[in-house]
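Engineer: What follows is the residue order along each chain.
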Amino acid sequence: MNGSDAGAKQVLEALLFAADEPLSARRLAALVEEITPGEVTDLVRELNADYLREGRAFHVQEIAGGYRLVTRSEFAGWIAGLRAAGGSPRLTQAALETLSIVAYKQPVTRTELESIRGVAVEGVLKTLVDRELVRIVGREEGMGRPLLYGTTDHFLEYFGLPSLDALPRPDELEILFADRERQVELALEEPRAVADPGDEE
Amino acid sequence: MNGSDAGAKQVLEALLFAADEPLSARRLAALVEEITPGEVTDLVRELNADYLREGRAFHVQEIAGGYRLVTRSEFAGWIAGLRAAGGSPRLTQAALETLSIVAYKQPVTRTELESIRGVAVEGVLKTLVDRELVRIVGREEGMGRPLLYGTTDHFLEYFGLPSLDALPRPDELEILFADRERQVELALEEPRAVADPGDEE
Amino acid sequence: MADEAQPGHSVRIETLDFEGPLDLLVYLVQKNEVDIWDIPIALITEQFLAYLQNMSAERLEGAGEFLLMAATLLRIKSQMLLPRPQLDEDEELEDPRRELVLKILEYQQYREIAEQLRERESAGRLVFARGMPEWDDALIAEAGHAPPEPGERVSLGDLLRSFTRLMEEARRDRVHHLEPLGVTIEEKAEFVRERLRREGQTSFRDLFVPGEPRSHWIVTFVALLEMVREGEIRLRQGERFGEIHVYAAGSAA
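Residue numbers (the working numbering), protein chains in the order written: chain R, 1232 to 1432; chain C, 1232 to 1432; chain S, 188 to 440.
Honestly, the hints are just simulated from the structure, not real lab data. It is possible that part of the hints are untrue.
For lysine to any residue, the following SDA-like pairs were computed, each having C-alpha atoms within a straight-line distance of at most 25 Å [stated by the list, open to error]:
#	chain 1	residue 1	chain 2	residue 2
1	R	LYS1336	S	ILE223
2	R	LYS1357	C	THR1323
3	C	LYS1357	S	ARG352
4	R	LYS1357	C	LEU1404
5	R	LYS1357	S	GLU356
6	S	LYS290	S	ALA229
7	C	LYS1336	R	ARG1376
8	R	LYS1357	S	MET354
9	R	LYS1357	S	ASP345
10	S	LYS290	R	GLU1343
11	R	LYS1336	S	LEU287
12	R	LYS1336	C	LEU1387
13	C	LYS1336	R	ASP1361
14	S	LYS264	S	LYS290
15	R	LYS1357	S	GLN303
16	R	LYS1336	C	LEU1404
17	R	LYS1336	R	GLY1375
18	R	LYS1336	C	SER1394
Okay, chain R solo, but in the shape it has when bound (with noise of 0.2 Å):
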């Protein structure tokens, strides 16, 4: 490594110190100047090897689409004496089923959650997108022309994936369904009509 590689890593460690959102690699790389995402990503993997060589106790997390600074998992009670008001509450259990639906389904209408969930979710729904975690993303084509409903960044950051692909996924019953109903598969993935943003001006 060189010097010049030297200085880019410390200022990418300075942005990402400073930041208080995720970073992705293309922004880095405009922000830090003459290097490439792809060299960002070097970088931050170097940074990495770095903070475990030196027992630091934080270290670069990919996610949302972008990386962070965040403290190891094993200081978490230290930190929560820090922190005595605590974060956000937990989500409920009603909130959890309908942001699983919206995660997999996007974009999704109200309705679409009701019959899958059975019940009513509009006070659900409020939760989710007062928390940032569900987004309105258009609507839909047809009869009443329906909100459609996706999941935002924020999703990602507060379930630590590093996108929608990194979704956990119940192997079991798609092992199930592939067996007996490959219906309720194709039913899952069925692609939806969304209003083109362009067309309304």
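Given chain R, work out where chains C and S should sit, using these hints.
Structural biologist: Chains C and S in isolation, oriented as in the chain R frame:
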């Protein structure tokens, strides 16, 4: 340095990293447990020596009231870039309220905005126009021909909306954001399905 | 309604809380260790109804969904009892339980995902990102850059909430000046009783007098909920979101 010291130093680092205010040696000692404020001061000195040797982009700063982790001043330029270019967007409460009325009532005059908010909005309106969230869309017919305001394309980007059309209608807003009393009212308009199982037996 | 649990196959479930009728069905299927593709519908229906009978009054709010499912179960049960028609060789008989089973499976799948999200939520609570390092502003200013504008970070949710609140304030002001409440739940209950005495039955919608203040509608609605809970009236609906009819509990519907 023995193993137990290394542990305390790491905990100290985790606490300084996660804190959003300076922490005094006394408070840090209480949080780490089983070390004295004097030992905290020693460990902080060790941490700073580590950071210097390893070329970290940050260090522990001692200010009135305690210690905090900050980036080294030579990185201030890059961090300013982080804040400026697409950093977290910020709006005051007054701007937000005015913007929400413009969004729903557009095209709207300044007088209408003031009658809804009950305060002068001239300054706020100027900020919103400066930030390209609101623009002048024309003049009203009739007396005085006052200017009419509406939202911009940047407004849509800012709030992640595919189009103006995706802004929830007032009836949909009630579902998402009404308080409890209003939800009872809504239930009136869209009665829940209630069936009587007794009949079918 | 009997307070005692149903005898026979009944499982003691009255102390548990369920997210909805599907949640309850998943529980019953697992508890009884039955094959999801060959659900003993009579047994499950019986246990489902037993749960409904023990459901506390406070949960009446969500009871509609449970009642709807109970009706579905009873319909499937009666279809299962029908003699099977003769079929041509290439025709297949649709199992009356099939649609329900697919619904249960789909719901179960999302519940499984919810559980995994719960684990991730817990793991996420163990790591801490850095808070907004406001002290960097001085450094940034030193480096010749303007510090960022102060204020709240806003989202679409903030914008929508802001508008809703403003509109509610405007509405509340009007209500307070022009419309004192002036009606009690008991008065509205008597109004419903009177209507039923006169006409035998009535449509739900007709009980809300057009032009009446919204606040009166709320009182009517609460009165109806009370009357359903007391077993004084029954509500019936032909189809989902269809017209709801109100009957006196004693009348032949």
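Engineer: Hints numbered earlier in the text: which of these fail when held up against the supplied structure?
Structural biologist: No numbers; nothing is violated.
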